Structures are given as structure tokens and as C-alpha cells.
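Q: Model the full structure from these sequences, guided by the hints.
So the protein sequences, as listed, match chains A and B.
Our numbering puts the first residue of the first sequence at 1229, with every later residue one more than the last.
Our numbering puts the first residue of the second sequence at 1229, with every later residue one more than the last.
Keep in mind the hints are simulated off the structure, nothing from the lab.
Every value quoted in this text rests on a predicted model; they were computed, and no experiment measured them.
Certain hints may be false.
Identical copies carry no separate label here, and so any pair may be met within one copy or between two of them.
Calculated pairs, DSSO-like style, for lysine-lysine (alpha carbon to alpha carbon, straight line, at most 30 Å) [as the list claims (entries may be wrong)]:
| hint | residue 1 | residue 2 |
| --- | --- | --- |
| 1 | K1589 | K1382 |
| 2 | K1276 | K1314 |
| 3 | K1391 | K1252 |
2 protein chains.
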Amino acid sequence: MAQLHLLSPAGFRASGVHAGIKSKCTPDIGLLFCEPRAAAAAAFTTNKVVAAPVIVGRRHVRGGHLRGVVVNSGNANACTGRQGEKDAIRMCQLAARIAGCSPREILPSSTGIIGHPLPMRKVERGIVEAGQYLGNSLEHALLFADAIMTTDLKRKTAAVEFKIGRRPVVLAGVCKGSGMIGPRLAPHATMLAYLTTDAQISPALLRRLLKDAVDASFNAVTVDDQASTNDTACILASGASGARITAGRSARLFAHALTEVCQFLARQIAADGEGATKLLTITVNGARSQNDARTIARSIANSPLVKCAMNGNDPNWGRILCAAGMTPAAFDPLKASLRLAGTTVFARGRPAAFDAARLAKALAAPEVLIQLNCNLGPASATCWGCDLSRQYVSINADYHT
Amino acid sequence: MAQLHLLSPAGFRASGVHAGIKSKCTPDIGLLFCEPRAAAAAAFTTNKVVAAPVIVGRRHVRGGHLRGVVVNSGNANACTGRQGEKDAIRMCQLAARIAGCSPREILPSSTGIIGHPLPMRKVERGIVEAGQYLGNSLEHALLFADAIMTTDLKRKTAAVEFKIGRRPVVLAGVCKGSGMIGPRLAPHATMLAYLTTDAQISPALLRRLLKDAVDASFNAVTVDDQASTNDTACILASGASGARITAGRSARLFAHALTEVCQFLARQIAADGEGATKLLTITVNGARSQNDARTIARSIANSPLVKCAMNGNDPNWGRILCAAGMTPAAFDPLKASLRLAGTTVFARGRPAAFDAARLAKALAAPEVLIQLNCNLGPASATCWGCDLSRQYVSINADYHT
Chain A
1229 MAQLHLLSPA GFRASGVHAG IKSKCTPDIG LLFCEPRAAA AAAFTTNKVV
1279 AAPVIVGRRH VRGGHLRGVV VNSGNANACT GRQGEKDAIR MCQLAARIAG
1329 CSPREILPSS TGIIGHPLPM RKVERGIVEA GQYLGNSLEH ALLFADAIMT
1379 TDLKRKTAAV EFKIGRRPVV LAGVCKGSGM IGPRLAPHAT MLAYLTTDAQ
1429 ISPALLRRLL KDAVDASFNA VTVDDQASTN DTACILASGA SGARITAGRS
1479 ARLFAHALTE VCQFLARQIA ADGEGATKLL TITVNGARSQ NDARTIARSI
1529 ANSPLVKCAM NGNDPNWGRI LCAAGMTPAA FDPLKASLRL AGTTVFARGR
1579 PAAFDAARLA KALAAPEVLI QLNCNLGPAS ATCWGCDLSR QYVSINADYH
1629 T
Chain B
1229 MAQLHLLSPA GFRASGVHAG IKSKCTPDIG LLFCEPRAAA AAAFTTNKVV
1279 AAPVIVGRRH VRGGHLRGVV VNSGNANACT GRQGEKDAIR MCQLAARIAG
1329 CSPREILPSS TGIIGHPLPM RKVERGIVEA GQYLGNSLEH ALLFADAIMT
1379 TDLKRKTAAV EFKIGRRPVV LAGVCKGSGM IGPRLAPHAT MLAYLTTDAQ
1429 ISPALLRRLL KDAVDASFNA VTVDDQASTN DTACILASGA SGARITAGRS
1479 ARLFAHALTE VCQFLARQIA ADGEGATKLL TITVNGARSQ NDARTIARSI
1529 ANSPLVKCAM NGNDPNWGRI LCAAGMTPAA FDPLKASLRL AGTTVFARGR
1579 PAAFDAARLA KALAAPEVLI QLNCNLGPAS ATCWGCDLSR QYVSINADYH
1629 T
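A: If you want it as C-alpha cells, here you go:
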């Protein structure tokens, strides 16, 4: 079976070209189109400082249908005032001309430096050029995925196939994000994620299922706990498979696939966090409420002291408990138990004996599991983060505006 | 006039000795005694994971009077279970024997690694030895200040003299703190701070004035936003000056002096943050409420991206606005203005033209001012932080438990 990708669902075409916005010679303008028009839902940043493309994109997705997405990397078009909004609308106009639709059927996205006007001559030339290279091959999907990357070192993609009745449905996605990652998307990322499917689904149901999937995935990922001005997750459903998603079993199957794809993408963001040498998966069990579980997991994932200890392969579990106890969530150290890379280090209020040298070796793995049991209630949550390295500081201190 | 210090207020004696708890050959056991007994107030961490000395200290200060403080550095006596509490009480017993008082009149403190039992033979020998070297000279004050230090590179002290009527009053303090700094003390650090005064004041009033001063100082300081298991601020008032602090003018004068001393100490903590090369002073004006102003100031001070940019002397102001907008506080980028090291970089929704090379030079100063005006309301707040350097990662990744 051929490899599934973003353009495997029937109805989609995409392209990515280098327009010179990024200094690196990689694609920085991407187009993703659906034919016929797609049921669409999107989740945007909850930051009060929102980029121009987010302001415009919120308006355009409101009607529940889109013909496509136009995106640039290398410049966030954020804090750019009225001109920024005009530029975002201009991007939609150019993309719409290529797709043969209304500009309001195009969702614009930008990612990169904040506070600089978009270099519109480059952007305009880029969009026109991208329109000449549209296609639905794996290569086209990869060029689009490349066009949204900034400090990412790795391309991030995911795809699944499942059946609704006898009909096969494909659900696929790409995303980017490495720094300024602590999305709080409502009905919630500069994380950008684009998902495609050939399922047939109403915009209202799509919106609800996207919200749930985003909460369990992109909103559970953190590199530096910074909710960006541009965070966006958008799904387009072409309906071309003929498989209808309504309430009940079909919705559950679709929701499961959507969450799986989103989580697979979210994990890739954490693993490719700026300067990261390893992925941290934090699970909190036995919390009093889901919100408590998420709050504690996120506090651990965001602790610079925990992140540095993980960078140094140091089983300094006291820092983990400290981070767990400092949130408003219910937590009792006398009841809590903690496992680090599979080794119990703290059990119901007491330090456990363990082989520190052996555990330090286990911590050198590319993925480290931190499992905290609060033993207070029924709720659980998972959060993905990464270690904090000297390289993170280099990337963000030496990089000059 | 002789230099004022922690033991300038009449009634106080202190000492600091090296007992071998820290690997560095500097003092790690400190005693601070007051004769006669002092009116006392203290503020402790709000972390739910609290160290044994905090549990014991809360009980001991409840009565409003103390004869002194016993403190060790190099081991936090946190997550150490029942034995930890017994050890903290044992520290009080030994100190009380020296002071000639009840163990319940001694406040114990510890700072250092979490999750290891206190090396009690060393601690016991150290306390007995410290009892033989008590005095009230500048050297004694400095040895006590050294005894509470961990990763601190600089000793942190402050003292003021003011008059109540015709009577001169001295208020002085020492503190420590460099990492795991994001105190949330509630009537609220491992920040440790000890304050002395010869004013005469009731425990109730002292408690109230300490709370206000701590909110405007230690609770407004962040290095890594981690509320420690051991954070403690404690003030002892000997009354020996005969100057009575009651309501009205005398309370205002005392409150002003107390806030000034606490802020002077808090700034020293931020400036000596782990790996820090500069102090960041963030002022937020024109916020809708005091709480909004504090929330926004703290979010900016805690942004790893802002901290890295400041480390690199990069006027990347978009990161500052991003951090300001991501909190629940009211914020409108179209109304906001931002000054960085005295240069306007953003004014009421628009990027301002500035000389980037010149500003980069200004950012290389030992203290950088970030001034955000929300232009939304009457409230303001100040918060102190520091940059994030490769050195911070080295300190916290290479350090092994």
C-alpha cells in the first residue's frame, strides 16, 4: 500500500515554493486547496495579541466552509496594524483567484518574526508561483509541509485510514512548531496544523470533534509555555469518500482517528522543540479532576528545573514534586507516587531506594516517561514536553531581529 | 557612621559555621537569636509540597513570638517524611538549649537538595559549634548571611534607619535565593529571608505589614517561576529601641521601610538568579486592576523567549507583547505602548522606528527596564527577573543528585 499523506484524501491539492521570505532556501509559501469546497473547522490562539491572519481567518471559517489555505513562513504578520490585515486579505485574494472562489473561502496563516510588515512583493510572487505547481502527490504534500516550517528541524506529518461502514476514510495532517510552543487553542497554537479528510461531515460536528481532539493533543504540548500570536489548527473535510459522519458510532470512530492524528503530530512538535534532545511524556493519574490532572502535568512539563535535569539525565525527582505541588490543583505529597523512566523514585510520601547510575542511563533515551499518581481521584491527563538545553538558549539569544 | 547590618538593631546575635553539609567550604549552619524574645511574623511557601522545617516553623511562629532562627543550607529536608519533621524539631531543641528558651520559640529553616535525609550528626555538631561563636558584629552578620546561601554567587543584605518620633529605628535583612525562585508566599520563597528590627510592634500588626511588603517584593521576583518547598520570610522585632509602632503614621513609616528593605533584597535575588547576566525590571502601568498588572508583569518576566532575547541583547519586542497577551488579564495590543531600555519600540498598536544597533548596546547593561503601558486603567505593578543563559542550563543540568 502506498504511503498515506496529507493529499491522500480525495479532493485535495497542494504546493510549496520558496519566495525568499525565509533566509534558508526552503519553501516559505504554501497552498492547500479542496475541490469541491470543504466543510471546515478551525481553532485559534487565545492570546489577546493576535496576528492579522488569525483575525481574518476567524472571520473566513465562521461560515463552516472553505476552499483552501494560504500560508507563509518567515514572518508572522503579527503586531503589524491595519496594513497587516490588508496584507492577509490580499493573500486570500490571490489564492482565491487561483482556486476560482471567493477570498472569504480561503484561510490565511503566517508564522515567523513578530512586528515586521510582510514583504508583499515576495509574498505575491510566491503565491502566483505556488499556483502553478499544485498537485496531489506525496512530493506535493511534503513541499507544503516544508513551507510552514520555521525553526523546526523535522517535518511533522501523520495519516490514518479507517472504515465507516464499508467505506474507507482517510484522515491526514501536517503541522509545524518548535519554539513559542504552549498552545492554548480555543475552540483553541506558533504552532500551525492542517488536517485533511475525505469524510462527509457537517461543519458543526467537525468543530466540536476538532475542539476535543485539540484539547487532548496540541493544547497538551509545551516547549516554552508561550501561546503564540498565530497558533492555528484547521481541518478540511472534502466529503469525497462518501462516508457520512453523523452522531453515534461514526462520530466516535472519526473522533478517535482525529485525536490519534493530532496526538501523533503534537508529540512530534514536543520532540522537535527548540534545542530538545528528548521527548518528555508526562502522565498524571489519580487526580481529583481532569483540570487538576492537566494543570499538574503542564506544570511539570514547564518547570525549567525539571527540563534541565532531564537534559542532564539527572534523576532529581524533588524538582518534579515541587512543580506538581505549586499549582492550585489538589495534591498531597504524602499520597503521591512517582515513576521516572519506569523506576519508582517516590511512593506514597516516601523516597524510594533506586540505582541512580542505572536510572541516569535510562534517562538518556530519546523519550522519557514521567508518571505521577496523585492517588486522590479518578482523573488523568497526558502532556508532552521536552528538555531544556544550552542549544535552546543559543537559538533564542543568538538569533537577532 | 558605621555600616548598618542584620545585627545593628539592638537585641540580636548571630553566627555561621561550616558543618560539612555543603561540599563548598563555606558556612552551612546559622543561628540568629533575639534577647529578649521578639515579636515575630513569617510568610511561607504556598506549595503543597512543603518541607519539614516549614511544617514545624508554621506551628512555632503561630504564637507571635520567637527567640530565634536555626538554619542549614545544602539540604532542604523536604519530601523526607516523619523523620524529616523529627529532624527539624531536633534542630530547634539544640538551638533552644543554647538560647535558653523553649524549642517552640525557634523557627527552623533548610535549603538545598530535596528528598535526602538531613545528615543529623553534622547538623547537630554544627549547631553546637555555632552556639559558641555568637556575636553582634558585622562579621557575625556576614557569616549568618553566608550560612543560608546555596547556588548564590553574592551575599544579599539590606538595612535602613528611620525615626519614629525622636527615636531611631533600624530595620535590616538578609536573604538567599538564586534558583527555584518564583515565590508565592502566603502570609507567602527556596528563597529564605530574615529581617530584624528594634522597633516595638505587636505580632498582629507585624504579620499584616510583612504580608503587604512580601507581596510587593519577594512575591514579585522570579528566576524560574518555581515556588519552592522551603520558601520562608521571617521578621523578628526586639522592641529594644523603645520606638512603638501602632496604627497611623508610625505604621506607615515602618511599612515603607519594610517594603524598601524587602524590595532591595528581592532585586538582589533576581540579579543573582542562576546564570543571570542582568537584572530585568518589568513595570506594567495602565492595567485594569492590580492583579492584572502583576499577572502581565510576571508573564513577561517568565517568558523563556524574552529571557533569551535579553541574554542576547536582542530588541525582539514581539516576544514581550506575546507574553503580555497570553494571560487571562485584560490587554489590548491596539492600545498598548512598550519601552525597552528607555526606547519606545511599540506605541498604541504600532511598531515604532528605532535604532536597533543602539538599542542592542543599551540592552547590554546590568539592569534593563521593560516598561509596558496597557492604557486600559489605573493599576500598576513591578516585577523583577533576569535573563536566561547557557550558564543556567549548565548549573541545573550538570549538577547531579
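Q: Starting from the hint list further up, note which numbers the structure goes against and sort them upward.
A: 3
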